[in-house]
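Residue numbers (the numbering used here), protein chains in the order written: chain A, 1 to 281; chain B, 1 to 298.
The hints are simulated quantities; they were obtained by calculation from the structure and are not laboratory data.
Virtual Cβ for every residue (Gly too), placed ideally from N, Cα, C.
Only true hints are included.
Just a few of them, taken from the derived set where beta-carbon distance is under 8 Å, the chain A residues facing chain B: (1) F21; (2) Q46; (3) R56; (4) D84; (5) E187; (6) A192.
Mimicking DMTMM-like on lysine to aspartate or glutamate, the simulated pairs with C-alpha atoms at most 25 Å apart in a straight line are: (7) K2/B <-> D86/A; (8) K2/B <-> E83/A; (9) K2/B <-> D268/B; (10) K2/B <-> E102/A; (11) K48/B <-> D186/A.
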Amino acid sequence: MNNAQTNVTPIAFGAPNRRLFGIYHAPQTQPPVSRPAVVLCNAFGQEAIRAHRFQRSLAERLARAGHAVLRFDYFGTGDSMGEDADGDLDGWSGDLLMAHGELQHLSGAIRVVWVGMRLGATVALRATHVAPIGLSRLILWDPILDGTRYLEFLRERHVTSLENVYSLPLRLAPREVAQDLTCYRDEAIGFAISPLFRTQLSEVSIETHRWPTNPVDIHVVIEPTSPEGNDFAQVQIRDPDRVRVYVVNHGTNWTTDTAGNTPLVPTNALMAITQQVGETA
Amino acid sequence: MKETPILFGPNASLVGIVCEPIVTSDIAVLTFNAGVIPRLGPHRFNVKLSRALADEGVTSMRFDLSGLGDSRPASTQCDFLQQAVVDVRSAIDYLELHHGVRRFILIGNCSGAVHAYWTALADQRVAGILMFDGFWYRTRWSRLVRHWKRFRAGTWKSAATAIARRLVGSWSLIRHEGGSESANIFSSDESTANPPRAEYCHAIQTLVDRGVAIFLIFSGGVIDAYSYARQFRDGFADEPFVDKVRCNFLPEIDHTLLSLRSQNRLIDVIRNWILGIVESHGMPAIRTATDPAKVAPT
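Please model the entire structure based on the sequences and the hints provided.
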């Protein structure tokens, strides 16, 4: 059953030992030409918590424009089965393909657009190697293209957060503990990181990056002054004709625990992504 | 264990997940939002807690209050606090109707603790509330202990800086702290401020008289509000309920449960407390979890 006002339905799908949780937004209008359905690929860990409101807003906006939308949690994340440490990039790529098929089944749509945020964009890129039927466009927002630096970024943010969340300084200062590079490797800002996941992330590199041949249409929303923007500039030149760039200075702090001075739903990013999905109609 | 996503409440506007063990007791646990964090809880804590409880035979439901997470805004005229009580009671109604549960434990984290408190006062089916970093009341020792702990934890340089800052801004700080009993550090919104002390005492006594198990936990992230283990006992030493309310000060746990160690420690504490309630209510694990095919969302 769904919520009649928004046509929103919480669903569980996937194999019995890998049940995934999702929210399906049925299209609220029936445009004369059927519009592609949209799968939202979430970010990782605390970034995914931060992105929740954005995803909901984006999904509602797209549903109002006549798109069927599925947002879902990868295995070991959100409400899906599995523990934090069960998460890995290959498994999540498979989850995305499962969500793709589920959305086609629920909506009847043939064409599907994937919108990936942060590590969700990386998962989407990885999953394209299977060339799912009907994938018509990739929209990537601040994709993680350098996994090693991303791991170090998460570690640094974890240390900073540890310093901030206690009223009194910890007996062993996190910043000093972090001098030992073997510390704070198996968790990041409240979420476990398995050795397999760490290894897979370490292998994500701009040196080995190749744009997928399917789909032909790849759009990237990027903040050029960010580290991800710099990475992207290096890989875009490998296929400048197929990869279109949208510069959006959104100023989102993806990892913070507080709401201070950072947007939860940056309007310019919301509008840019909505517009790019709309172009596919 | 089985988890079922549901829509419930008026107009099916609320989104939740029911987490059922294979064999369950007749008591269920409810968790919901802390601030604007979705029903997952801070760093997915509510999910981890639900599954740990399912392993012990306890049913739980995590859900989003109106307007938060995946739930739609309410269509009532209630203010936020009133609506939260309505929403929690809707979740209770759902579990009672569809899963046959009669008694409920509410786990409230930060602002969620406020909702647990008000719902317990409004609904006789609530058998227990856990308030994690919820309402707090200082004693004459609170500030002294806090200063001492800060001094002991700091370096000479940080102590000198603090003293200098203190001297410069002493008057404004004193005025600020003087009114602190009626202001909640976690919110500038007066509607979620600590109730007046007399009102709080009356409410807690009412709940205790009703047999509601009350557990207060204060973390190492709120030492400005709660600075030492006996603060609750010292503050309410003359109240009849003081020995009936469990209060733990856990400085090793942080307010947002950032570290996995904090999460695991709190899960252990909560699990043991809940199992104690299940035992004290004489509710052995006897009921078979509902067949998922028969639990259609309302």
